[in-house]
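For reference, the chains in residue letters:
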Amino acid sequence: MSTNKILFDRVSKTFPVRASRRSQAGAVTALDRVTLGVRDGEFLVVVGPSGCGKSTLLDLLGGLSKPSGGQVLVDGEAVVGPGLDRGIVFQQYALLPWRTAAGNVAFGLEAKGVPRAERADLVAYHLELVGLSGFADRHPHELSGGMKQRVAIARSLAYDPDILLMDEPFAALDAQTRDSLQDELVRIWQATGKTIVFITHGIDEAVHLGQRVAVMTSRPGRIKQVIDIDLGDRAVEDVRSTDAFRHHRHQIWTLLRDEVRAAQSAERPAAPAPAPGRSRRWARYGTSTVGRTAGTGPDGGRIPAVPGADADRAAPAVARHEEARVG
Amino acid sequence: MVDIAERPRLAATAAATAATDAAPRLPRRLLGLGGRVLHRTAALLTLALVWETAPRLGLVDRVFLPPLSEVLLGWTALLRSGQLAEHVGASLTRSLTGLGLAVLTAIPLGLLIGWYRPLAELLSPLLEVFRNTAALALLPVFVLILGLGETSKIALVLYACSWPILLNTIAGVKGVDPLLIRSARSMGLNHLRLFQKVILPAAVPTIFTGVRLAGAYSILVLVAAEMVGAKAGLGYLINYAQYNFAIPDMYAGIITISAIGLVVNQLLVAVERRFSTWRVDVSAS
Ligand SMILES: Nc1ncnc2c1ncn2[C@@H]1O[C@H](COP(=O)(O)OP(=O)(O)OP(=O)(O)O)[C@@H](O)[C@H]1O
Ligand SMILES: [Mg+2]
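Chains as they are written, first to last, in the numbering used here: chain B, 7 to 333; chain U, 32 to 316.
Just to be clear, a hint being listed does not mean it is correct.
Computed Cβ-Cβ distance ranges for the label pairs, DEER-style [claimed, not checked]:
1) Ser-139/B with Gly-66/U: 56 to 64 Å
2) Leu-157/U with Ala-130/B: 46 to 54 Å
3) Thr-9/B with Glu-159/U: 53 to 61 Å
4) Leu-158/U with Ala-31/B: 41 to 49 Å
5) Ala-31/B with Pro-171/U: 47 to 55 Å
Please keep in mind that the hints were generated in silico from the structure rather than gathered at the bench.
Predicted model only: the values in this text are computed from it and were never measured.
Ideal Cβ positions, reconstructed from N, Cα and C, are used throughout, including at glycine.
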């Protein structure tokens with residue numbers, strides 16, 4: 007197993023749930039003995055029904071939380087905390103609003119301790135890489151969603167992590183912007199040779215981006231199957247209309263449909279299981295449930311929606327406080 | 032003679048423009064500013080007019096409310112004799128000292144409480160009790176303990192100013208977007224750097240709102256404090272003038288306080304803007 011850049015070794019994660027009116031205190035099992043290897047330089051996409059533990063998986067890998075069981079290995083060593091060898095790109099950009107685009111890109115470099123003199127060049131280079139050279143002095147509120155996400159990507163690339171972790175980075179963007187950012191990401195990946203773990207709800211996106219796609223089961227999350235994507239010649243005019251693409255899309259869609267059904271029947275009798283507002287994870291989703299309820303047909307390219315899953319996500323702002331303190 | 036009513040407004044806008052730089056478009060800005068000043072002073076001018084005519088027409092007793100022009104004459108006399116400067120100086124020294132001390136103590140304390148949860152849990156009941164105790168209700172206590180001199184007055188201002196600053200600082204620290212903290216942590220920032228690079232800058236606008244509120248409080252409570260056992264200051268002037276039936280002087284003192292309050296507030300608003308452009312713009316769009 008030493009060929010793996012990243013290895014999830016029977017990783018479990020449970021969250022304590024405080025007692026509420028509807029349910030007793032207990033624990034939610036988000037991940038159940040997940041075993042998954044990612045090769046060096048690979049582009050791995052993870053798809054799964056909402057709430058199956060994808061973000062949890064990424065948090066563990068990013069060192070932002072600790073597994074309840076098993077371990078996460080990077081280069082054969084257990085992850086004990088966050089580190090600059092792994093860069094996270096969040097769905098909601100997470101840019102510092104008081105810093106300009108350049109200032110945000112420089113942020114990771116400051117964290118890394120890169121001398122001031124070298125920073126400017128690196129910042130300029132990476133803004134150029136994501137096509138934002140002319141926007142270096144703009145603040146995040148002056149940028150479009152797509153531009154913000156590019157800045158976030160540039161920021162993560164600038165401090166040069168081996169591994170790029172991306173949690174639904176394009177979910178909040180419109181289709182055109184998403185398409186162009188996908189192409190850009192593939193280009194950057196090919197140019198830099200980084201290992202990328204990419205989480206998405208979009209089946210099309212998964213097939214389009216991934217060398218391999220890991221499909222997860224509904225909660226408790228496990229790896230249901232890992233699919234090798236072979237699209238043949240990627241240089242084809244419209245990859246999405248090739249037979250290979252359609253085949254993979256249908257394959258993943260079928261796997262997910264079963265999981266969504268399972269999730270539905272599991273959630274129906276017990277009503278909403280987790281105590282709302284407890285999950286720090288939910289705070290991030292605040293407004294963007296876009297696409298979660300979208301088309302259920304194979305051609306929709308979206309994961310069939312689980313009724314009730316969205317309601318859970320109506321994140322009370324209060325939940326944000328839970329995490330305001332790290333100490 | 033309405034120009035006195037306009038003075039604070041002019042001073043304030045002048046301060047605001049001075050603070051918001053942008054020299055190249057100055058002429059056009061000044062023109063636009065002229066129109067805006069006129070528009071925004073209309074109500075003040077009306078007030079001045081009513082104040083001038085109502086006593087003259089006998090609508091109110093001109094002994095208790097002399098026409099504005101008489102008040103202004105009294106004001107100029109006070110200015111010439113140097114008394115006004117003395118009182119203003121005394122008041123400003125006290126309120127600025129109190130405000131400055133409050134800034135120096137309440138901001139660090141607020142940062143600590145906002146950041147360090149056990150401290151917040153320990154202190155929050157205490158904070159609740161004290162912030163709901165009106166500062167002026169404590170004036171006799173301050174006088175009792177600290178005497179009638181400067182100390183008790185400055186202490187009262189310090190006390191009153193501390194609350195808005197403290198509470199806003201705590202709120203500012205707690206209100207930092209958790210995602211920003213996660214993101215910074217994912218880059219391996221330690222607690223100290225996280226605080227310095229994320230928490231503090233994110234909290235600055237909220238903290239400044241607190242300082243601006245405190246600026247207003249510093250003058251409000253000071254005037255009241257000066258009515259008790261002071262020998263100088265605007266509060267003293269007003270009280271003393273009323274006592275000796277120098278009614279125009281009393282109103283002169285009141286006008287001066289309003290003017291100072293306005294100027295201080297405008298200055299602090301300008302400073303606040305400078306420190307939170309990224310946020311002001313967001314709310315404006
Ligand atoms: N801090 C937490 N406390 C309690 N439960 C949590 C916490 N974080 C996550 N969970 C639970 O763990 C499960 C997995 O959450 P996670 O955010 O990883 O799902 P996800 O696959 O990323 O979902 P989505 O696709 O909707 O983003 C959810 O059922 C959630 O309720
Ligand atoms: Mg997620």
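Hint by hint, here is what the structure shows:
1. Take Ser-139/B and Gly-66/U: their Cβ atoms lie about 41 Å apart, and the range 56 to 64 Å is violated.
2. Between Leu-157/U and Ala-130/B the C-beta distance comes to about 51 Å, which sits within the given range of 46 to 54 Å.
3. A hinted range of 53 to 61 Å for the beta carbons of Thr-9/B and Glu-159/U is consistent with their spacing of about 60 Å.
4. Taken as a hint, the range 41 to 49 Å is violated for the pair Leu-158/U and Ala-31/B, whose Cβ atoms sit roughly 30 Å apart.
5. Distance hint check for Ala-31/B and Pro-171/U: the Cβ-Cβ separation is about 51 Å, which falls inside the suggested range of 47 to 55 Å.
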